[in-house]
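Protein chains in written order, with my numbering: chain A, 1 to 86; chain B, 1 to 905; chain C, 1 to 225.
Read the hints as simulated data drawn from the structure, not as lab findings. Backbone N, C-alpha and C define an ideal beta-carbon position, used for all residues, glycine too.
Sample of chain B residues at the chain A side, in silico, Cβ under 7 Å:
| no. | residue |
| --- | --- |
| 1 | Tyr-240 |
| 2 | Glu-241 |
| 3 | Gly-242 |
| 4 | Leu-244 |
| 5 | Asp-622 |
| 6 | Gln-653 |
| 7 | Trp-657 |
| 8 | Ala-660 |
| 9 | Tyr-806 |
| 10 | Glu-809 |
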Amino acid sequence: MSFLLECPNCGRRPVDEYAYGGEVTVRPKSADDARALFSYLYFRKNDAGAQREWWFHSSGCREWFQAERDTRTNEVMQVAPPGGLT
Amino acid sequence: MNRLAERRGELIDRGRTVTFTWRGKTVEGLAGDSVASALYADGVRVFSRSFKYHRPRGLLCCSGQCPNCLVQVDGDPAVRACMTPIEEGMRVEHINAWPSLERDALHALASATPAFGMQVGFYYKTFMRPRWAWKYYEKFLRSAAGLGKLDPQHRRDRRYEKVHRHVDVLVIGGGESGLEAAIAAAREGRDTALVEEGLALGGRLAFTGVDAAARAAELAAAAREAGVEILQPAWAGGVYEGNLVPVYQGDTMFRFRAGEIVLATGLIEQPLVFAGNDLPGVMLASGVRRLVNQFRIATGDEAVVLTVDDLGIEAACDLAEAGVTVSAVVDTREGETDERLGVCGIEHLRGFRPVEARGRGHVSSVVVARGGERRSLSTDLVVMSGGTVAQFGALVQAGGSVHYDAARRVYVPDHVPAGVRVAGEPAGTAAEVPACADGGRGKQFVCYCEDVTTKDVNLSVKEGFASLELSKRYTTVTMGPCQGKMCHRNSGLVIARELGVDPDEQRVGVTTARPPHNPTSFSLLAGRGYEPVKRTSVHHWHADRGGKMLWAGDWKRPYDYGAPDDETAAVHESLGLIDVSTLGKLIVRGPDAAAFLERVYPNRYGDMKLARVRYGIVCGDDGSILDDGTVARLSETEFYVTTTSSGAGGMEQWFTWWNAVWGMDCQIVNVTSAIAAFNLAGPNARTALAGLTDFDLENEAFPYLGAGHAEVAGVPCLLLRIGFVGELGYEIHCPAAAGEHLWEALMAAGEGFSVKPFGLEPQRVLRLEKMHVIVGQDTNAESQPLEAGMPWIVKLDKENDWIGRYSIEWYQNRGNRTSLVGFEGGNGAVPKEGAQVVVNGEPVGRVTSSRFSRRLGKAIGIAWVPADLSAEGTPITLSDPSGATIPASVTLRAFYDPDQERLRS
Amino acid sequence: MSAIRDPYAFLSPAAAAAGVGLRTPMERSHVAAGAALEHVDGWRVAAYPANGEAAATLTDLSHLGKLDLRGSAEELDTLTGGLGPGAARSDDGVWTLRLTPTHGYVMCPFPRLSALRDRIGAAALDVTSAYAAVALGGEGRLAVFNRSSGLDVREARFGPGRCMAGSVMRVPTLVLNRGDDLVMLVAWEYGEYFWDAILDAGETIGIARAGVVTVEAPQAQEQTA
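Using the sequences provided together with the hints, build the complete structure.
As structure tokens, then:
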């Protein structure tokens, strides 16, 4: 894997400069629904297509950002600071 | 052999000879010769033996596409002789023949036995019985297989460089189209580089005559003038994501990142398939023309050209002009004699197809047929002009695709991805390539690399492998060093004929061309060897005094200084000093710092007083233990967090991620690097330290779990009274730049107390005596605090939500199924770490830590046991990997100083 | 409680007493290469002969004062005088770098560090000892850099007064283009590795060790004796 990923602070870099942070998930607000809790903890959508995910620029600015990437082609549609994806 | 007259376009320097050896014999060539051309000029016709059948093979393509001239050069295997310029003193050896190229024992064997007839898929059908004989078969097969020899003792004595390059435009292919594209890009002001694999720029222009050579020179000069960076000879290994293209030149890999890639990879001439088409002396027209035009070698006395299109006619005229006698052009197309041939007096046999090339070890005649008419032509050089195909490997690797154009009978680019452009002739010639005529005896080779014949391919189709992708996996066609360059088209045609269909991708398909484009040595891929290593500020002091510096994650740390038992004893009896600079250290500061910590940790931190330090664990949202460490409060809004050494980076990411999610008014700064840390421990720790500082170390002023700022030996420090090793001790944090100075001062102050530096192994024993858990050793990815023996750390009554809360509440409701407990060995035997806890012989748990404690005189350890066996004093049975059964009993309180009297003194 | 008021004094080599000889992570490499150690501003620094011939030079600058600046984007705008991310400015020997909207650095001669930190206030942390630093100079410096890193340092994209953080010799590095040289900051614990790795990268280009203190080459000293 050598695709280029743009850090909102530092610009385009090869993907091995980053640590992958997984899909953007939504944390349940309580433990009432055990199924929802375990789903949040252990299941991921794993879409073949556009995915919203977290990245950490470990070799660079060491800040977190979010990206929307096509998991089939590694085309990155957008990047943004956390919470900024449109 | 004398060379032909000097002419524009030649690569040789007639004034300079170069001497090298071929199989031990001295050969003289000219500067500019390739290994292949120098040997051919010297009369060599057999260059190698084929992979499976060990048939003699001669030059075929002279352009690095086929496997026939693979040789070993100065110990490097799989070198293409036709692409390698000769150098003074080079030692060239043949490969894949024993004992010699002339007499290869395996050739006889391959022809003799039916099992060794090695038809396609033979390894699925033979060498099965008798089963006991397999180990003999295997030994023989191993030595027979492979191309070339690797010397297992060989040490890399050459430097392999990797150079990163960034360009706006990278042109792959230095033929006419590539040069034109590069010139245009450079003239637009774009950073442009061009890569050409051949021994000269120009592609086909370089070997198709004087006018073509002049055009090549003109383009090359224009490119240089325009500022194009030219890498030649050099080759692109493949196209990777993000327009990454490794370009190999000698011992250097250039890692290019290109804004745009222009593919001008050109065409490859294809062989024709007929019986005996692998005999030495049967060559591609472009190969012969290279020998004649670039190296000025008169190839053959009596040549016959086999052709499917006009390129063969051009080749014949070129050769005739160079003084080679061409007796006939055998043209598969019907029609009248071409006037160009008429002028040269060359017979034009139209409508004839090849039947068989004949000869013993070298071609001596070729049989052709037209309907019922057969002709046998005497010849020592059969020139195949079998049509051309485009090289699409790079386009497909870049994410593009090709489709079959039935009307033109060629594959053409379909999808070309953004950032890539195709220049030049992306399609190849659209000649119709008929099958050879019947009646030829002997093997018809489709794949030279893997010795696959039409019979093999047809058999695979009959057996059900009815497409190129399937047949490939069964016959190994296209899987050799050429990766389909010489055989993809022909194998597709053979399959199509066997199936009775058009050779398009619906039925026949294309294979995927994978990098590298040519054989590549691992050394070139590896480049210079270097491995980042983290060293503390005291590293060399440790090493100088016998510290066994071992890897601990990314760090080098002393395992011990040669006497771990003495080091352990020193800490108990007097004084020891250990370097714990590798600990992760984070500053958490800001108005929301306390609130942040309350949300991250299951324990309480918001109520911490100033100048105190507290142990804590970090859990994941699933309740599992991720890391442990301490938190010291430096002010209302400033906290100093330590983590495990290997967890430092992960905890920084964990903390900053949650901070990004919650958006609290809080900063997290990783200061692991900035601070050295040492643990001075032992009954004399206070006395020794007092000699270096004015800070009041008395127990009332600075009790256990206190934190304070002190100047020690002139160095500003943070002192933490914390006790991983169980004796009175101080963890001393200071700027890394002052680390070695402080360490030396501490050792000097401790001299009167026989201070010993102690390493990781003594530290492990000491912490085990205190039953202190090591995260990642005693815990695993599923361990949660309730079962791991630390329910007291989890403050379920905290009002705020915290990471892992829901999961731990769920675990609490469920109850513990397993428990992390200490144990003492019943008979002093120390079970290995990893030994099982067994009940009635069944494994129910596992030993995670174990040692023999000299201080206590017994074997101690930590293990996971079922919850119903976790009461104090419960007898348990351990099954050691050695086979021994070891009785033990559960201990819940620390083995040593369980009431912490020494720690709190 | 302790006499030291500053909660972060234990981070700061500037708070060390006069007799403490502060050491850079490359000290042993300097000694092994035959350099002398001189005391400058409380640090033990390497003294090498001047070398005007080598295509590239490498100098240990780990003793430079360094401050880490954090805050809101507005605060950083004020602190850096409006520098954009990726930009840096030099003022009378003090370099200010803006890495991201909320993160910047200051690099300065060590004796000036404390005053600068006091002036900036709580937003600044002394990270002098967090980062080892080298200066890669000479005409061949980009050729050496391209053998160490895939970062794009072409003039048009990374000219003088630019800074960026990325991977150099496989470790996270902060790179500053000062015009005549590239200054690179890596974690303190990587200092010795990084020094050795850059020297190795420059082997075929020609790279010489240099010091902030230069001494006469040994032959010259004999002549004047």
